[in-house]
Every structure is written in C-alpha cells, then in structure tokens.
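Sequence lines, in order, name chains A and B. Residues 1 to 416 in the working numbering are what the first sequence spells out, letter by letter. Residues 1 to 416 in the working numbering are what the second sequence spells out, letter by letter.
Worth flagging that the hints you see were computed from the coordinates, not collected in a lab. Do not take every clue at face value.
The list cannot tell twin chains apart, which means a pair is met if one copy fits it or any two copies do.
[To be verified] Quick list of in silico lysine-lysine cross-link-like pairs, DSSO-like style, CA-CA up to 27 Å:
| id | residue 1 | residue 2 |
| --- | --- | --- |
| 1 | K105 | K391 |
| 2 | K141 | K391 |
| 3 | K413 | K328 |
| 4 | K174 | K105 |
| 5 | K370 | K105 |
| 6 | K35 | K413 |
| 7 | K391 | K416 |
| 8 | K247 | K162 |
| 9 | K247 | K413 |
| 10 | K247 | K174 |
| 11 | K162 | K174 |
2 protein chains.
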Amino acid sequence: MNIEIINIGDELLIGQVVNTNASWMGEQLSLNGFKVIRFTIIGDAREDILEALSQAENRAEVVLISGGIGPTRDDITKNTLCEYFGTDLEFHEEAYRDIAELFAKRGYEVTELNRLQAMLPAGCVTLPNRSGTARGMWFRKERPGGGVTHAISMPGVPFEMKEMMLDQVIPELKKIYQPLAILHRTVMTQGIGESFLAAIIGEWENELPPFIRLAYLPQPGIVRLRLTGTGDRMETLEEAITEEIHKLEALIPEYIYGYDEERLEEVLARMLAARGCTMVTAESCTGGYLAHLITSVPGSSAWFKGSVVAYSNEIKENVLGVQPATLKRYGAVSSETVAEMAIGAQTLFRTDFSVAISGIAGPDGGTPEKPVGTTWIAIATPDEVSTHHFKFGDNRERNIRRASLQAMNLLRKSLK
Amino acid sequence: MNIEIINIGDELLIGQVVNTNASWMGEQLSLNGFKVIRFTIIGDAREDILEALSQAENRAEVVLISGGIGPTRDDITKNTLCEYFGTDLEFHEEAYRDIAELFAKRGYEVTELNRLQAMLPAGCVTLPNRSGTARGMWFRKERPGGGVTHAISMPGVPFEMKEMMLDQVIPELKKIYQPLAILHRTVMTQGIGESFLAAIIGEWENELPPFIRLAYLPQPGIVRLRLTGTGDRMETLEEAITEEIHKLEALIPEYIYGYDEERLEEVLARMLAARGCTMVTAESCTGGYLAHLITSVPGSSAWFKGSVVAYSNEIKENVLGVQPATLKRYGAVSSETVAEMAIGAQTLFRTDFSVAISGIAGPDGGTPEKPVGTTWIAIATPDEVSTHHFKFGDNRERNIRRASLQAMNLLRKSLK
C-alpha cells in the first residue's frame with residue numbers, strides 16, 4: 001500500500017513558508033510502518049488540485065492533503081474536492097457548534113467567514129479539529145481495478161494537522177491496513193561525530209538481526225541512533241531491541257546520555273532535582289548559551305542559580321576572582337583560567353556544582369598554538385575540579401553549541 | 001514561463017531530512033521575477049524520476065532538479081537523466097581535475113567512487129561545483145510545440161545547491177527569459193504584532209502603487225515587511241519604493257529597527273562600536289538568551305563585557321546588589337527590582353549601558369496580579385534608568401525570545 005502527500009498553498013511555492021508538514025507526515029507514517037512514495041506541493045488553484053489528485057490516485061491507495069482550507073480561502077480546495085469526488089457542500093450542524101464553542105472560549109464573535117467553514121462536503125466523513133475551525137475531510141472512492149482510494153484533507157496549520165494525524169488519521173489507517181508491528185528506540189549520543197561512531201559500532205551494526213535497521217541522525221554536537229524493528233510480534237521486537245541497546249551501551253558508554261529524543265538539559269534537570277543539588281555556569285566563549293539551554297527547562301530555578309558571562313578578562317578577574325597572574329601566564333583559554341572561573345562562580349553563587357567554559361569561538365582570535373575552536377571546560381563538584389580540552393571546528397555558531405553540549409555531558413558524568 | 005522543482009531522495013520521503021531546498025529555490029526564483037508552479041519530491045527510483053520529469057515538462061519550460069547525485073548513489077539519477085534525454089555518460093576531464101584538486105586541498109585520496117563522479121552525460125552543459133564533487137547538469141530539449149525545455153540537475157547538499165543557483169543558474173535563466181525588473185526592500189519591525197501593524201499601516205498599504213506589493217513575514221517577536229516592485233525600469237522602482245518606505249517610517253517610527261534582514265543584535269553592534277560604548281546584561285527570566293544573541297555577533301567582546309544571569313533572589317541580592325527590602329516589597333518582577341538589577345550590573349561590570357530583564361516566562365509562577373508573560377525591562381544609560389512593562393503570552397520559549405528582542409530594541413532607542 002502506497003501513500004502520497006499533497007500540500008496546497010501559494011505561500012509554499014514562493015518560499016514564504018517552509019513546508020515542514022510533508023516531512024513530518026512522511027516521518028510519522030514511516031515510523032508507523034507505511035510507505036510514502038511522493039510529496040506534491042501546488043498552489044491554491046482548481047486545475048492544479050484536480051490534476052494532482054488524479055495523478056496521485058493512479059499511484060497510491062491513500063492520498064493525504066494538507067493546506068488550502070483556512071478561513072480566508074476555504075472555497076477553492078473544498079469546492080474542488082467536491083467536484084473531484086462528485087458531491088456538494090452542506091451545512092454541518094456539529095461543525096458549526098464546535099466553531100461557536102471554540103470562539104466563545106476565546107471571547108470572539110463567530111463571523112460569516114467562520115460560518116462558511118461549517119459548510120462541508122456531503123459525501124465524506126468529517127474529522128473534528130481540536131484546535132482550529134477547519135475540519136478534516138475523509139473521502140472514500142472505489143478504484144477502477146477494485147479496492148478503495150482514501151483521500152484525507154487536513155488543515156495546513158502544523159499543530160492542527162499534527163493532532164489530527166496522530167489522534168485520528170494514523171490510528172484509522174492502521175485499523176484499515178494493519179501494517180506489521182514496528183518499534184523504534186532512539187539512543188542519544190554526545191561528543192562523538194558520525195564517522196568516528198560508525199568506526200566503533202560498525203561491527204555491531206553489521207551483526208544486527210535482519211528485522212532491525214539502524215539510522216544515524218546527526219545534529220550539531222549530537223548524533224541520534226535510531227533502531228527500528230519490524231515484525232509480527234511486538235514482544236519479540238522489544239526483547240531484541242533491548243538486547244541490542246545493551247550491547248551498544250557496552251561499546252560506547254561515555255557517549256550515551258539518554259534515550260528517545262531526551263535533551264541533555266532535561267537529563268541534567270532530572271539528576272539535579274533528584275539529588276537536590278544546585279549549579280551555576282561561568283561562560284566566556286559560549287556567551288550565555290549554556291545558561292539559556294539549562295533555563296529552557298521549565299522549573300529550572302529549583303537547581304539553577306544563574307550564570308556569569310565573563311566576556312572580558314577584567315570581568316573574569318573582578319567578578320569571578322580569577323588571578324591576574326593566571327590570566328597573564330596561561331591566557332584566558334587555558335586549564336588554569338577555566339578552573340579558577342569554575343571555583344569563582346561556585347563560591348560567588350554558593351552552589352554544589354559549577355561549569356566553566358573558555359574558548360575561541362571564531363572567526364577571529366585564533367593563534368597557531370590556540371586555533372579557532374580551542375576550548376577548555378571545567379567541572380567543579382563539591383570535592384574537586386576537573387578540566388577538559390577540546391578542539392572544535394571553525395564555525396562560530398557550531399562551536400558555541402558544541403561547547404555547551406559537551407559541558408552538559410561532562411557535568412552529567414560527574415553527577416553519576 | 002513556468003518553473004517546476006523536483007527534489008530526489010529517499011531520506012526526504014521518510015522525513016529524515018526536512019526538505020528546505022524547494023522552499024529556498026522557490027523563494028529565490030520568486031524574488032527574481034520567476035513563477036514556480038509545483039514542487040515534486042520523489043525517492044531515488046528510475047521510474048519515479050522518469051515520470052516526474054515527463055509530467056513536469058508538460059507543464060513547465062524550466063525544470064530544476066536537486067538531490068540524487070551524491071558520491072554514493074550517483075548512478076540512478078545520472079543514468080536516468082541520460083535515458084530521458086537520450087545521451088550517454090562520458091569521462092569529463094575538467095570535472096575530474098576539479099575533484100582531484102578539491103581532494104588534494106583537504107588531504108584526501110581520490111577514490112574510484114569519486115572518479116565515477118567525473119562520468120557525466122555527453123549531451124549536457126556541466127556546471128562547476130565550488131564546494132563539492134558533484135557537477136550540475138544543464139539539459140536543453142526541443143519542445144513538441146516549439147521552444148526549448150531546460151532541465152537543470154543540481155546536488156542536494158544545500159550550500160552546494162545554493163552556490164550553483166546564485167552563481168550560475170539564476171543569472172543564466174535571467175539572460176534567457178529576461179523577466180521584468182524586480183526590486184525588494186525589507187523593513188524590519190519589532191514590538192508589534194502583525195494584526196496591530198496592519199491596523200496602523202492598512203491605509204498606506206491600500207494606496208501602494210499597483211506595481212508594488214507588500215508581504216507581512218512574521219517571526220516570533222519580529223515582523224518583516226517586504227516590499228516588492230516589478231516593472232520595466234529599475235530606477236523607477238528604486239525611487240517609488242524609497243518613497244513608500246519614507247511614508248512607512250513616518251507611520252511606525254518606534255517599531256522599525258532596520259532593513260533587509262539585519263538582526264537587532266547587528267544593529268546594536270554597529271551602534272555601540274561606532275560610539276565606542278560598552279554594555280552588560282542582567283537577566284532573570286531570559287536566562288542568558290539575550291547575552292547569547294548579543295555574543296552571536298563576531299567581535300562582540302569589543303562592546304559586550306558580559307552578563308549576570310540571576311535566576312534566584314539570593315543572586316539578585318548578593319551579586320547584583322538588589323536591596324532585600326525592594327524584593328520583599330515589590331517582588332522580583334517589578335519596576336523597582338529591574339531598575340536595581342540594571343544599576344547593579346552597570347556598576348559591577350563598569351559599562352556605559354546596562355539592560356535588565358525580569359519576568360514570568362511560564363508555564364508556572366504566574367499569579368492573578370502578575371500572570372505568565374508579565375515582564376519588566378530596565379535600560380540604564382550613563383545618565384538615567386528607565387523601566388518598561390510588557391505582557392507577553394503564555395509560551396515559555398516565545399516569551400524568552402520576545403523579551404530579549406524587546407530589550408534590544410529599547411536599548412537601540414536609547415542609543416539613538
């Protein structure tokens with residue numbers, strides 16, 4: 001069974017909006033064992049919609065459509081769907097009630113435009129929209145060679161479409177087509193690049209059972225390893241994937257920080273909260289980005305007391321108490337300076353743990369001895385200070401991100 | 001003249017990679033006066049490529065293809081293009097020399113796989129790739145009804161594709177099709193939502209000359225207003241757009257911070273550098289994000305001395321010198337506290353300017369008097385301190401971003 005996706009919207013073709021809907025739908029469908037064979041993106045135009053539908057139907061049993069049904073341009077897509085599937089719009093009592101309720105909750109008046117959104121094709125099953133006014137529409141049509149084509153139209157607003165896909169469309173498609181059981185586990189790694197990782201785990205990867213596939217999903221500073229098992233019995237998949245993850249943990253223990261899309265700042269949050277510990281950061285080259293990641297977790301004031309961004313030597317001395325002699329002898333980017341920064345922040349903020357970073361983010365400031373990307377990180381625990389040296393790349397933005405992630409991973413290891 | 005875009009890659013259909021190429025190509029083409037009518041995304045499969053090409057050619061005179069020509073899966077796309085355009089691969093001396101040179105520079109050996117990349121269709125013009133090994137291929141084919149179809153295949157790696165589009169493909173298409181002159185200017189606004197902006201400038205927008213169009217391009221905290229003029233003479237467009245921008249500046253002077261994609265942190269950087277002034281930030285709810293934005297600008301250590309992220313009242317008192325009585329009487333999120341934070345940071349870091357932010361980012365911490373989104377910002381200049389009150393929304397991430405942008409815009413106004 002093949003699926004095609006059609007996205008409708010003039011704003012997609014002129015790049016005013018980046019089309020993330022198709023990728024997200026493709027990923028969710030593939031994670032649930034379905035095969036997507038094409039995305040087609042067209043403007044809000046009757047002929048284009050008709051042509052795209054008829055061509056998609058020739059190749060695929062299921063056609064998912066998103067976009068083109070907002071309150072201001074309702075008519076083209078909805079009327080064209082009616083034309084294609086040989087039906088007419090009729091007033092939909094329940095849809096109207098939902099719109100009126102949603103508006104009452106937000107304190108808005110229902111306008112004529114919104115009333116038009118309750119006009120829906122007679123010959124389809126409509127899908128409630130939890131967060132918006134445009135309902136989904138599920139059309140069924142006999143195929144010339146037998147069987148049924150399913151065409152499902154959804155809103156283009158990403159979170160409305162996502163709710164509809166997860167709550168209604170994918171579960172219903174699974175009931176109809178009963179794909180094989182499929183199980184995904186993602187192992188989150190930090191501090192090692194894709195090719196180095198592949199060199200260490202290549203043998204393990206080659207010996208994976210044939211029903212388990214591995215995908216490397218790299219992001220700056222992070223590589224996600226996604227294991228996907230496909231088969232008849234979910235229990236078999238669970239056992240087999242758990243066993244493979246145990247083998248992987250034995251191979252790269254120092255790089256695995258979590259599972260299934262968890263972020264490093266969330267892992268740290270969990271560990272610090274469980275132990276009732278507090279922390280501070282002292283940042284030079286990362287310029288506050290590490291503090292930003294840590295405070296992106298709601299409730300972080302329970303374990304995070306704050307940060308000193310010391311972007312000049314003067315501040316390193318006056319606020320963090322780094323010795324002028326240390327700066328003079330070893331420089332700002334050194335094991336000695338970063339250790340004193342960590343201790344200074346720990347003392348000033350009276351915390352259990354402290355993380356300090358000093359490096360050359362670039363593009364300027366590099367020297368032959370300390371090229372752009374050179375970075376020192378210190379971790380101060382209640383008992384000791386350790387310092388760590390890294391050579392990142394020459395991209396400022398990526399250096400800032402990699403240094404921050406690396407610092408969190410080092411703190412995580414100290415907390416274990 | 002119509003253009004279609006075809007992107008090839010299995011990884012696009014399963015959502016492993018979000019397809020940003022099509023949106024970017026669509027935007028660039030539209031900015032240059034071309035009309036894109038469809039994107040088609042397919043997997044690395046011969047039949048799909050052949051079908052997509054032939055259907056696209058029926059609708060469009062120019063077909064742009066990206067993806068499918070990396071070193072590991074060269075053959076399907078390239079061979080299919082040869083099949084479609086009735087030609088064969090041949091060894092391309094110059095392409096091989098380029099690959100060998102690129103590899104020598106990076107210190108790699110040329111492999112057999114790379115040698116295969118120098119095998120290119122005899123019946124096309126090849127396009128050099130400044131940053132990679134896969135050349136572009138430009139095919140010309142007579143159309144049944146007269147005229148020529150242009151099919152241009154490019155790499156899928158975004159920066160390689162972008163260089164090729166900007167340096168070679170778009171200039172050549174402009175030579176062939178000579179679209180009308182087109183001119184874009186973007187006005188950057190901060191601190192006002194799209195609908196409020198529309199209410200103020202609606203009349204101006206309605207009176208724009210017919211050859212100038214306006215697009216609202218909103219991002220969290222920022223709305224870009226893009227003016228696009230199309231006509232025969234570039235000089236006329238320049239004059240007319242400049243005149244309209246002057247009118248706009250008179251309507252919303254306090255919200256316009258810059259032009260043509262400039263970021264607020266870059267505007268501040270320019271102003272502070274020009275005046276030889278320094279600054280510091282004292283952040284509570286933004287948690288270091290403001291410092292991060294400011295230090296994302298290379299060379300920012302010249303004007304930015306650092307930040308204190310004071311995520312607890314204790315730090316506001318002990319490090320920034322906020323009076324315990326102030327915190328007790330007015331609370332951490334108040335005009336009084338944020339003013340003392342700004343002065344405290346200015347004194348501690350000895351800077352000319354200081355920005356302090358305290359607010360309730362959410363999701364927790366709101367009260368009936370101070371709901372989530374309540375934010376105070378203080379700007380300290382060498383002469384005075386001003387404080388400003390805002391009610392943002394209920395999304396933590398967006399509140400952090402909006403508060404940081406708003407603070408930069410307030411500092412910008414103080415610097416004027």
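Right, here's what the structure says about each hint:
Taking the shortest alpha-carbon separations for K105 and K391, only the inter-copy value of 20 Å comes in at or below 27 Å, while the best intra-copy value is 54 Å. Taking the closest pair of Cα atoms, K141 and K391 never come within 27 Å of each other, the shortest separation being 60 Å inside a single copy and 51 Å across copies. When the C-alpha separation of K413 and K328 is checked against a cutoff of 27 Å, the pair qualifies neither within a copy, at 31 Å, nor between copies, at 38 Å. With identical chains, the CA atoms of K174 and K105 are never at most 27 Å apart, being 34 Å at best within one copy and 52 Å at best between copies.
For the identical chains of this complex, K370 and K105 are inter-copy neighbours only, at 22 Å across copies versus 59 Å inside a copy, given an alpha-carbon limit of 27 Å. Proximity of K35 and K413 under a CA criterion of 27 Å is satisfied in neither setting, with 40 Å inside one chain copy and 54 Å between copies. With identical chains, the CA atoms of K391 and K416 are at most 27 Å apart within one copy only, with a shortest distance of 25 Å there and 41 Å across copies. Taking CA atoms no more than 27 Å apart as the test, K247 paired with K162 passes in neither setting, with 35 Å inside one copy and 42 Å between copies.
In this assembly of identical chains, the alpha carbons of K247 and K413 lie at most 27 Å apart only when taken from the same copy (20 Å versus 59 Å across copies). Proximity of K247 and K174 under a CA criterion of 27 Å is satisfied in neither setting, with 32 Å inside one chain copy and 57 Å between copies. For a Cα distance limit of 27 Å, the shortest separation of K162 from K174 inside one copy, 16 Å, qualifies, whereas the shortest one across copies, 40 Å, does not.
Consistency note: the structure conflicts with the earlier hints numbered 2, 3, 4, 6, 8, 10.
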